[in-house]
Structures are given as C-alpha cells and as structure tokens.
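Undergrad: Residue numbers (the UniProt record's numbering), protein chains in the order written: chain D, 1 to 401; chain A, 1 to 300; chain S, 1 to 235; chain B, 1 to 371.
Keep in mind the hints are simulated off the structure, nothing from the lab.
Calculated lysine-lysine pairs in the BS3-like style (CA-CA distance at most 27 Å, straight line):
id: 1; chain 1: S; residue 1: K182; chain 2: S; residue 2: K111
id: 2; chain 1: S; residue 1: K63; chain 2: D; residue 2: K5
id: 3; chain 1: D; residue 1: K5; chain 2: A; residue 2: K88
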Amino acid sequence: MFSLKTLRTGVLISLWFVFLTFPLMVIKVDPLERIIQWRWKNALLVGIGTFLIYLVVQYLNYRKEHQPPAKVEDTKDQVSFIHKFIADPIQRKLLFGGLLVIAAIFPFVVSTYQTNIMITALMYVVLGLGLNIVVGMAGLLDLGFVAFYAVGAYSYALLNHHFGLGFWEVLPIGGGLAAIAGILLGFPVLRLRGDYLAIVTLGFGEIIRLVLENWSEFSKGPSGISNISRPGFLGMELSLEGSILYMYYIMIAFMIFTIFVVNRLQDSRLGRAWIALREDEIACQAMGIDKQKTKLAAFSLGAFWAGLMGVIFAAKTTFINPASFTFLESAIILSIVVLGGMGSIVGVIIGALVLILLPEYLRALSEYRMLAFGAILVAMMIFRPQGMIATVRRTYRFQKK
Amino acid sequence: MDYFIELFCSGLSRGAIYALIALGYTMVYGIIGLINFAHGEIYMIGAFTSFIVATVLSILGFPLLAIVALSGVAAAVWASAYGYTIEKIAYKPLRHAPRLSPLISAIGMSIFLQNYVLLAQTSDFLPFPELIPDFEFMEPIAHIVGSSDIVIFITTAVVMAVLTYVIKFTRIGKAMRATAQDRTMAMLVGINVNNIISATFIIGSALAAIGGLLIASHIGQINFYIGFLAGIKAFTAAVLGGIGSIPGAVLGSFILGLTESFATGYVSSDYEDVFAFSLLVLILLFKPSGLLGKAETQKV
Amino acid sequence: MLNLENVQAGYGNILALKNVSLNIQEGEIITLIGANGAGKSTTLMTISGVVTCRSGKILFQDKEIQKKSSDDIVKMGICQVPEGRHIFPQLTVKENLDMGAFLRNDKAEIKKDMDYVFSLFPILAERRNQDGGTLSGGEQQMLAMSRALMARPQLLLLDEPSMGLAPLVIKQIFEIIKQINKENNTTIFLVEQNANQALHIADRGYVIENGEITLTGPAKDLLSNQEVQKAYLGI
Amino acid sequence: MKKKLFLAAAAMCLAISVPVAGSAADTIKFGVAGAHSGDLASYGLPTVNAAKIVIEKVNANGGINGKMVELLVEDDVCKPEVATNTATKLVSEGVNVVLGHICSGATKAALPIYKNAGVLVMSPSATNPDLTQSGEYPNFARTIAPDDAQAKVDVEFALNTLGYTKIAVVHDKGDYGKGFAEFAKKFLEDSGKAEVVLFEGVTPGAVDYSAIVQKIKQSGAEAVMFGGYHPEASKIIGMMRKKRLKVDFISDDGVKDNTFIKVAGKDSEGAYASGPKDTTKNPLSIQAVEEHKKMFGTDPGAFFENAYSATLAMLNAIDKADSTDLDALKKALQTEKVDTPIGNIYFDEKGDAIGVGFSVYQVKNGEFVEL
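For reference, chain D alone in the conformation it holds in the complex (with noise of 0.2 Å):
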C-alpha cells in the first residue's frame, strides 16, 4: 500500500514542516532575561506528526483511487444520501416528523447547558438560511452581514432600555429596521461586482460597528447594554430555565418558518430571478428582469432574517455589546453558508450545527480548539470544496414515448 517512494516523499516533507516551524516551535526567547530555551522537543514531535497526517492522507487517497471505478455513466443522477432520502414522500414525512419529535422533547433530555447552546446554533441556522439568500441564491457576496444581526439587536436593546417595548413588539421592528438597512447599503453597491462588492459590505459591517463602539451618546458605547428583558409568556416573567425552554421553542418555531419561506422562495419568480443573476447577469437584464429591484429584495430580505435574530440574540443573552458583532462573527456565519453546500437548506443546517456545535463540544481541548477549528475549516474545503451537502439542480427528465 505505501510504496517505498511514498514514504520517502513522507519523510521529505516531514523534514520540510520541521525546518517551517522551527523558530516558532523550537526557539522560544525571552529579550530581557536574555533567555534562549530550545525546544528540541517540538521538532520531533512536529515531525512526527507530519508524517503520520501525510500517510492518513496518503491512505484515503489511496482508498479513493482504488474503490471501483466510479460509474461514470450515471454519474449525473448520483445525489446524495440525503437527497434521495427525502425524494421519497413517505420517508421525507417520517423524517420531519422524528425530527420533529426529537427537537420537541430535546430539552426534557439534555442540561439546560445543551438546550442554551442549542439555542444558539438554532440562531446561526436561521442566520445562514438569511444570508444563504443573499450569497447562496443571488450570489452577492457578503462579508458584512453581522452589520444587519447589530442593527436588530440594538433595536431591541435601546427600543426595550428607552421605552420598554418588548420582545414581541420589537421583533418585526428589529427586523424591518435591518431590512431597511439592507436597502440602504444595497443602493450603492449595486454596481460592483465580486469581491469589490465583498470588501464594501466588510467595511459596511466595521462602520456600523464602529458607530456603535464610538457614539457613546446613542449605543452606550463599547461599555454595551445590560438587563436587556427576556421575552415574557403572556405577561408572565419565567425562571432562567423556563426561560431558556420558551426561547428554545421560540428559536424551534423561527427555523421551521425560515426553513417553509425560504423553500418557497427558491421556488418563486424571485427566487428564479436571484439564481438566473448569479449565472449570468447580463442574459437576465436581456430577459426583462430588474436587477436592481431583484439585487435590493435579496439584500433585504436576507437583512430582515438577521435583524429578526438580532433581536433574538440581544433576549438570549441580555447583554449586547459591538464586540459581539465583529468581522469574524461574518466570516462565521460565511463559512455556515459555504461549508454546508452555497444555495442548498439541509446544508445549511447541518453547517450551522457542525460550526456551532463544534467549539462548543471541542472545549475540551480548551486551547487548543479555536486552532482545530481552524484545521477543520481549511480540511473540510480540501475534501469537499462544493459543501457537506451540495445543491441539487432541478433537473428535467426527457420521457421518450
């Protein structure tokens, strides 16, 4: 299975990481104690680990090549699992359904600390789901969506710290006020194209946090705003527990709808317009489409969904501040939307679990977890660079009589 070239080669590049990261991993100086430590140590281990990787690797690949042959024929029809699974209406049922019944009794089951951070990757679902519309279906690329989560957040905070609204009062305000934040930014930039329009809306999304963090008079600056009120059951006040259960159902019901309106606008006249831009723009404005009407919908629409979990995400935690709003947290929800497969819902959903989910489970490792995140973003590219769950086309079957 390894040739004696493959190890050869192993050992060559093992030798290469060692010599990569030898000042980092062997020298270690402290400049005013004037200390030089080595770490001779951290070489062998490096090598060795790169040579096991590189044989791990060595050994899928191998694995790959030599499954038989794939049946290049039929390849066409081959779907994934999951998309078969569902095709087939009674199963697709008995799915929903199971699934449906597990999330009902889930947090009758688990701690309260696996429903709250169940919450949250429920969040980040609904939050790639928004954002799926706009870089997904109409292929916007948006590296500032965080700016629309703000805006629904501080609306509740400062509409419920100000005037004590509510939650409920809040939620379409958070979510029309993002919605029309969407439509602000999406007038100018609808010009660019690509990854000039990616650099506009990341800089969309640092100005808005900046306002936050410096007009103090407004957002109560960096210093953020605590006792923001949990959404009350009928004018009831719950418990932390109850509490997180109403949330955790609320947060249930927000993903299902999500899930329904986002289906249907795949299938919609929108939702056609959004995926015949992102092929081919210029054949769409020769169709008769309005690409700036259509480019807006998409960018608001996908603000409306964060700013509806903005305001989510200022009741969960009761306490927002701009630091909760920065590029990374974009980039996460980005890597959501790509790493589950651009444009497809299951996707997205299990991409969210997988990217929420995963920090939170790998806390074991401690510090060590943000650099295996990291690892696994970059590893999950390489192996499946369309997504965990790639899209389905619709594809037209010709019946020949």
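With the hints as your guide, set chains A, S and B onto chain D.
TA: Just chains A, S and B, lined up with the frame of chain D:
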C-alpha cells in the same frame, strides 16, 4: 501649516506601511483571483521570525548591522516558506472548486495560524528589538519624521520600483502577467503555472515579512494578533487602488494612510476607520474597479 | 508522430472523450471534424496536457506523454492555438510573441522567427506595440498562430482557426496554414467545424461524434462521403 | 424505523447529559471562566494559573473541610454571547463558586445565569462600576477596585500633585479604557481646575499612532491621561518619545503591568500609572510569584495577584461558612478577613473588596515605584 505637514508625514509613513502588505495581497489576487485572508498572518509570522532571530543574535552578541541583515533574511525565508506551503495545502487543491471555497479555506488558515503562533509562542505582547536606530542627521526634524518612517518609506519605494521592473521586464514577470490574464493559455505556451503561482506567493510573502520586520521595529512590539487589522487595512488599500494592480496597491495605501491621518488630525480618531471605509465605498461608487484597476470587460 | 490509443478524458463526472484513437504522420495536415460538443477541443486539450487523460495512451515520437505536464509537452514540440484565440489581452503584440518563445533561450533565433511571423502577417508588425486585446478578431487569430509558431513547434494544434472570422480572412488563414506546413515541414492537426475548408487543405481527416471517432480516411474520400456531406458539409 | 431513530437519539442525548448528572457533590467545584484563547487570552490565562496554584496547594493539604477542590476551566473568549454558554455549562456541571469572568461585558452577560443558580462569582479584573454599584448582581464580588475609584485617584494626582491644567484624555475605545476615560473626563471637568483639551479614542492594533501624537502635541496638553491596556499605552508612549513630545503620561491599572515596562523599555521611564496599592513587598505576594515561577517557569501575567487573592478569599469563605450556599458565603466574605497577596481584605455588601485601594506609581529605573 506645521500641523498639516506633520499629519501629512504621518499619513505617508502609515501609507508606506500598508503598501508593503498590500503588495502581496494584490499580487496574489492578480494571479489567482483569491482574497488571501491569511496574508496578514504571513506578515505576523515574518515579524515573529525576525523577532526570534534578532533576539537570539543579540543575546549571542552580534553587531546591529548583522542582526538587521540576518533577521531580515530569516523573516523573508520563513515567511516565503509559509506562503509557499499554505498555497500548496490550502489553495492549490481548490483551484477548480467553487469561488467561495478558497476564501473559506483562507479564513480557516488565518484562524489556524494565529492560534498556532499563540500556542507555540505566547499570547503576551513582546518587545521588539529596536533594529532601526535614531539617525543623528534626522534629529532636527525628528519631531515630524522619525528615522524608522524614512526607512519604511525608502524601502517601500525601492520595493515598488524593483517589483515594477520585475513584472514589466523579466521573464518571470511576463510569465506572471500571462498567467494572471489567461491561465490556460499560459499553460499552452509552456509556462509552468504551478511554479509561477508559487513564485507569486513567495515574493508576496517575502515582502510581507520585510514589512513585518520594519513595522514591528517601528512600533516596538508584536504579538500573534497583529496581522489581523493590518491585513484588513492593507486589503482595503489594495482594493481602493484597484486590486491586481501594483501601482494601484501603493497609491491606495497612501490614500488610505493620508485619509486616516487627516481624519484623526482634523476630525477625530474615534472615527478614523469609519472614514477609511467610507472613502473606500465612495471611490468604488465612482470607479467600481478601484482607482487604477482595469475595468472588467464583459463579453456579451 | 502522434498516436492516441483509446484515450478517455473528461471534466468532473462527464466523460467527454470515451474512446479516441488516431495517428498523425510527420509532415501531414490532419483534420478532426465534428459537431459542437463532440469532443474536438477536449481532444486537443488532452494532448496538450491541460485536461488529464484518464486512460489510454498518447505517444509523441514514440514517447508516452499522457502523464506529462503541459509545459513539458510544449518543450517536446507540441504547440496549440486554442479555440477563441486566448490572446493575452494586456500584453502587447510583441510581448505576446515573446510569450510564445517562453521556453527558448536562443535570442538570435527568436529574433529571426519574429521577423518570419511578421513577414507572414505584416499587419502584426505594424501593431507590435499595441495591446493584444485591442486587435480585431482576424488579427487576434493571426497573433495566436504567430505566437504558437514562435515556439518552433514540430506539431501545431489548431482549434477552429476560422471561428467568427470573415470569409476573406478565413481564406487567408487557411492559405497560411498550408504555407506553414510546407515551408517549415510543421505537422498540423486542425480541428474545425468548417469541414469544407478543412478537408480541402488536409491530407486525411477524422470525424468525431459524442467522444468517439466514427469515420476516418483521406480528406478527398471524406469530402465525397455521403454521410459527411449530409452532416457537415450541408450538401 | 422511526422508533429506532428516536430511541437512538434519546440514548445519545442521555449519553451526553449523564456525566453531568452523575458526578456527586463530594468535591467543591471551583469554576474559572475568562478568555483563554483569542486576542485577549493574555488577560485570562494568568487567572487559570493562579487558581491552579492555590487549589493544588489546598488539595495537598487535605482540601477544605475534608473536601477536595475540583477545578473547572471554561473559555469565554471575552464575548458576551459565549459567556452565557460558558456560564450555563458551569452551572450545569454543578459549579459552586466561579473565579471570573475577565471582561466586564462577558461578566455582565453571565451574571444573571449564576445569580439564578445561586453561585458566587468573583472577578479579578472586571472593573465596570455598574457590576457592584447597580445592586443587580448580589452574587458578584471582585478583588479589584472599580474604574471610577481609579479614575478619581489618577485625576486627583494629576491635579493636586502634578498641578496640570491642560490634559488630553485618550482611550482605546474598549469597554474598560473608555469607561475609565469617561470618568476621568468627568472628574477633571467637575474639579474646575483643569481643562480637557482632547478626548479621543485610538484604534487598538493600528500600525501607527503618529497622527494622534501630533494631535496631542497640537492640543497643547501638559499630560496625557490614557485609559486602556499596556500594548496601546506602550505604542503611544513610544511614538510620543519618537516624535520628541515631552508630556507626561498617566494611565490606569491596565497599564500598570510589568509587560508595559518590558515592551516600552526606556520610553516608559517617568510614566505614571495607577494600580492596586503596592503589595510587592507583601510576603504572600512574593510567595505567589515564586510559586508561579516554580510551576510554570515564567513570570505571572496580568491580574495574577488579584486572581490569586480572589481564589484565596472564596476558598476561605467556603471554609469558614462550611457551605457553598450563596448567602452564607456572602456573609463570610463580609465578616471574615483574609490574608492575600493584595493585602488583608474583606468585602462590602455590594461586593467590592475593602482594603483594595489604588495608589499612583511611576516608572523609575525600569520598575514601578509607589508614590
């Protein structure tokens, strides 16, 4: 008037700093169309390597000039090695993948490298040895322009001149331009595209490392997180000037540096980044491909 | 000179070449004709090493080249003018020609070859300092061919040189193809949709359909073949 | 099929939750929460070390009232939204007391969860005045004085001792720095003795601060009062010296850290910073630093002594109260004095440590010297 000149000079030195990092961004973008988010981390690794080497050498008692030269070479060598390896691991397998995949891979790589340095070294800030001493002859104007400002400025100018020469007139430069414009055709005329892309990463990383050394010496400290903001700003500058264009990256960097400096001086540093990003939006509104960027011609 | 034996190649899950075998003798002009999407361009890209050959063998001067990288293949003397010309738009005409001679180091000879292509296409000499992207379609085709000639190829692969050009220009281009073949003894493998023109200058021809060679023979025979006439010549 | 799936899922959920429920309460669970990864890790990790040192010592001596102390370390990256998860996790695991969190924002987000579970939280570093003064968090205490107290000390020093009339107030736009700066500005203006000629934030992590330094010079300030942490402070002071700007530099506890002197080097000479009263000669403090050197081989980092003291104070309260009940613990904290590296301390009703005060230090010959 003095105040204006002072602000102008700090703007220039800030711009020169951004330019050293932005050049790498723009080269990589030009050739493979990828926003290399890990570039800021390469800059950080370059700074860290030069910190380690310089400190070791100074403990061993080498003279200053030798320390500067050796730590500069070490930073460039290792940063290039990292750039080369990162391209091979995280981007090369994704050349034919959907457009967003390499971007996510780059973000993952950036997170990985930050935490790698955090774990391998320390989360603390470390004092960077002063590699650029105060020059005597600068003393009369030291209150406006410091020695390190001048060194950074001259380095940027030299780097840009050399780079422009290389890209315009040498064999490898022409191959780079050809690869950037049409990769398939470059292969068909016998250019080894993989080697050219590696070379681009190596040159870009070496520049970032030199930048890392100079900037760290200028502000006197480093830690594992310095690459993030510097990277984003340099990227902004590269886009401002028209990403993919080398003079554009330098021009964009100076405009960004001056804007920030004047915004701080005449308005408030609270909003310096707001000004920077607003300027970016404004310029892109009127020139959607940046100041010196080539307009994307669309085939209909 | 060039032999393809049961070559399979494709993109992702799609197999564009199912089973292609053909051979080209030194000094010949061979043409490959076929409809849109039949696998003509893929055949050329596979020979050039841009598309990976999944199975089968490609022999050039009795050496296997299907595993070699594209720059090595160019080094061995196979040069391609791809479909749609692929001029480097922001390089000048002269720089484009320099790129053609990328792998060569003999300055004097390069200069000679450049003069030669300028004599073939005098219009290029006039525009030598103009950006490639500013040329007209016909001029771009001339430039693309000249660029390939700059590598002094033994085998020149031409992919639809007539595409999108005016009839007069097409005629000129085909004249020059013949001229190149004669003057330099350069073997030419010509892929065309314009079957009529191609078969008129070629020695032999192949017909490709759905990734498989369905017909082969001397060009004259193909021109008189009824099937070919019906499908490709519009008679 | 459906049933099987469901059972499997249920079993899985149970498997996750079992270890939580299964651990019995025969140990004292001591939580440590704060930033242990990310860009603020250098403020959180020393706290973990402090807790490790103290708890190892306590356990070696047979624990507290026969119970061993178990350490639960959780990262919150200093982000409010992560802090709520961290807190819920610690509470789910049955934590008894928590040392943390590090940042005020994260602390504010996490406290309601601990409050609900009746868990005592003591922070070595969260200085936002609201945390104790608002009265909303009865389960909170800290071994560091709040920002306003610190700002007051600095302002009084600048006005009365140094006698400045024109002061530029600069901050790092952060929670801590801006809070401090706003208090400083307020006290300066209220005093009527001095003018605040500049009030601005700098961007942390920026590559160059020369523009703001030029602006300070232009404002004609006699001194800069800086709110924020040492990395920015050393950059600003370095840049001021580079630009030959000779004004005094007064700062806060985030700067009164040996790293500041290490990083800023000779530029730091003469700078003022307020910090907890000098305890370096306190034998307990010397001992704590020695222990850190022995266990980890390095000098301790930021807030190490505050964390060490908080650990001692909480364990002492548990010992004296012989319980982990919140009310009993609070009572013990308020009545039982405890010897710690930061002095002999006890706590007031709001949770602020008494006996923890501020003094102003100046860097002299590469060391902070109490004035």
